[in-house]
Amino acid sequence: MPDRSPTTSEEPGSQPPISARSAVSIASAVRAGTVRAVDVTTDALDRIERLDRALSAFAEVWDERALECAREVDARIDAGEHLPLAGVPIGVKGRHGLRTAGPLLAAGCVPVGATSVPGPGTPWQTWGAGRYGRTVNPWRRDRTPGGSSAGSAAAVGAGLVPLATGNDGAGSVRIPAAWCGVVGLKVTNGRFPTTDPTGLMAPGVLTRRVADAAAYWGVMAGDTRPRTPEPAIPPEPAAPTALWSPDLGFASPDPEVVAVAHAATVRLAEAGVVRLVDTEHPFRLADTVHPFRLEDPAPAWLALRRPEADPSPTATVHIRTVNDRRLASLFDRTRLLLTPTAPTPPHGHEGPGDRYSTALTWAFNLSGHPAISIPAGFGPDGCPVGLHLVAAHGREASLLAVAEAAEGVLGPWTPATCTRI
Numbered sequence: 000m001p002d003r004s005p006t007t008s009e010e011p012g013s014q015p016p017i018s019a020r021s022a023v024s025i026a027s028a029v030r031a032g033t034v035r036a037v038d039v040t041t042d043a044l045d046r047i048e049r050l051d052r053a054l055s056a057f058a059e060v061w062d063e064r065a066l067e068c069a070r071e072v073d074a075r076i077d078a079g080e081h082l083p084l085a086g087v088p089i090g091v092k093g094r095h096g097l098r099t100a101g102p103l104l105a106a107g108c109v110p111v112g113a114t115s116v117p118g119p120g121t122p123w124q125t126w127g128a129g130r131y132g133r134t135v136n137p138w139r140r141d142r143t144p145g146g147s148s149a150g151s152a153a154a155v156g157a158g159l160v161p162l163a164t165g166n167d168g169a170g171s172v173r174i175p176a177a178w179c180g181v182v183g184l185k186v187t188n189g190r191f192p193t194t195d196p197t198g199l200m201a202p203g204v205l206t207r208r209v210a211d212a213a214a215y216w217g218v219m220a221g222d223t224r225p226r227t228p229e230p231a232i233p234p235e236p237a238a239p240t241a242l243w244s245p246d247l248g249f250a251s252p253d254p255e256v257v258a259v260a261h262a263a264t265v266r267l268a269e270a271g272v273v274r275l276v277d278t279e280h281p282f283r284l285a286d287t288v289h290p291f292r293l294e295d296p297a298p299a300w301l302a303l304r305r306p307e308a309d310p311s312p313t314a315t316v317h318i319r320t321v322n323d324r325r326l327a328s329l330f331d332r333t334r335l336l337l338t339p340t341a342p343t344p345p346h347g348h349e350g351p352g353d354r355y356s357t358a359l360t361w362a363f364n365l366s367g368h369p370a371i372s373i374p375a376g377f378g379p380d381g382c383p384v385g386l387h388l389v390a391a392h393g394r395e396a397s398l399l400a401v402a403e404a405a406e407g408v409l410g411p412w413t414p415a416t417c418t419r420i
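When we follow numbering that gives the first Met the number 0, the leftmost residue of the sequence shown carries the number 0, and every step to the right adds one.
Hints listed in this document are in silico derivations from the structure and should not be mistaken for laboratory results.
Bear in mind that the values here come from a model prediction, so they are computed numbers and not experimental data.
All C-beta atoms, glycine included, are put in the ideal place defined by N, C-alpha and C.
Mixed in with the good hints, there may be bad ones.
Claimed, not checked - Simulated restraints on C-beta separations:
hint, residue 1, residue 2, range
1, 240, 119, 39 to 49 Å
2, 410, 349, 25 to 35 Å
3, 237, 42, 19 to 29 Å
4, 196, 78, 33 to 43 Å
5, 119, 290, 19 to 29 Å
6, 240, 123, 34 to 44 Å
Please construct the entire structure, taking both the sequences and the accompanying hints into account.
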């Protein structure tokens, strides 16, 4: 039997500590003066001290640095400064994560530590190495949290922090979000600066509430220059249209995963959150009369990462050209594409075998589309399953709006249910 013994002292139904509440709730309380950022930070550090030995979600914890930052936030609030994320304790991905967290710190966030990422020499990216060893999934300690934003997803899922940063080059935010039962947003590629020469990597965030991901997006979009304006969206006569695809036409996801994600999609349609188009013959696309499908992006993605190993540059260009054309045609006709986030449940710590957990996500690193994973339910193994929503380039705001409406149907996703490790 899986080991799912709880490690928290909170009683069922009790109010979560302030540091385990939503980022939006914490910031509101700090701005109103009903709680101090120092108190929130102290609570978060105490919670990490109690729980992280079981999770190993953090590679480093910055106690003194965090408290100093919290005191600065309190001083800024006392001086009348408006901070949209005042006093929110956050984890940053990896030991160098502060390099890209500037807008969040300016908005009042308090970084409490560096979250775990795969260790040196790890042959797969669905693993994390923290202070106490391997990072475990908050729902089952014998399973991985996914990666490479492993510690960020585990820390958010277990309620150690309400928000943690990530980056996503093939699904590194969305896959751990799916496997840890949290929200994971990948923004449009190229919208923010990146050091990745391939252009595959995009910033992202992991949260328990969609509103917190939206707050992250608002801060990042508002503080980053230059930025591409949000495209104008014509008013919808009804719920936004969405196409459900279990496999993008090439992947082979596990039936149990597909069933959970599809059931969530049906619930959203029944609740009027989305309007599903005909899944058999939704469109006559530019180059096919068959149901929507993409070319398998694996050869093109791998070729960009390892150009010297690309046996056929022409084939790589073909894959990207075909997929870009089909996605452009799709988003000319519908607002959203819905799939399972990962093709399998979280695997054990021995590794994923020969299955790519990225099968349903990395196409959108190649194409650059924004995407979000939200909790869809649980598989037969007791682990969370993610629902993957993809939108047209630059439509993060509308993507988040649909995800927040979905949360109202599929949620709430509370930290109290994410601490059974």
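Does 33 to 43 Å hold as the CB distance between residue 196 and residue 78, or does it fail?
-> Given range 33 to 43 Å: holds, Cβ gap about 42 Å.
Residue 42 and residue 237 - C-beta distance against the hinted 19 to 29 Å | violated, 44 Å
Measuring from beta carbon to beta carbon, are residue 119 and residue 290 in 19 to 29 Å?
-> Roughly 44 Å apart at Cβ, these two residues miss the hinted range, so it is violated.
Note whether the CB distance of residue 240 and residue 119 lies within 39 to 49 Å or breaks it.
-> Since the Cβ atoms of residue 240 and residue 119 sit about 46 Å apart, the hinted range of 39 to 49 Å holds.
With 25 to 35 Å as the target window, see if residue 410 and residue 349 comply at their CB atoms.
-> Because 33 Å falls inside the window, the suggested range holds.
Lying within 34 to 44 Å: is that true of the beta-carbon distance residue 240 to residue 123?
-> holds, 37 Å
Hint check: violations occur at hints 3 and 5; the rest are consistent with the structure.
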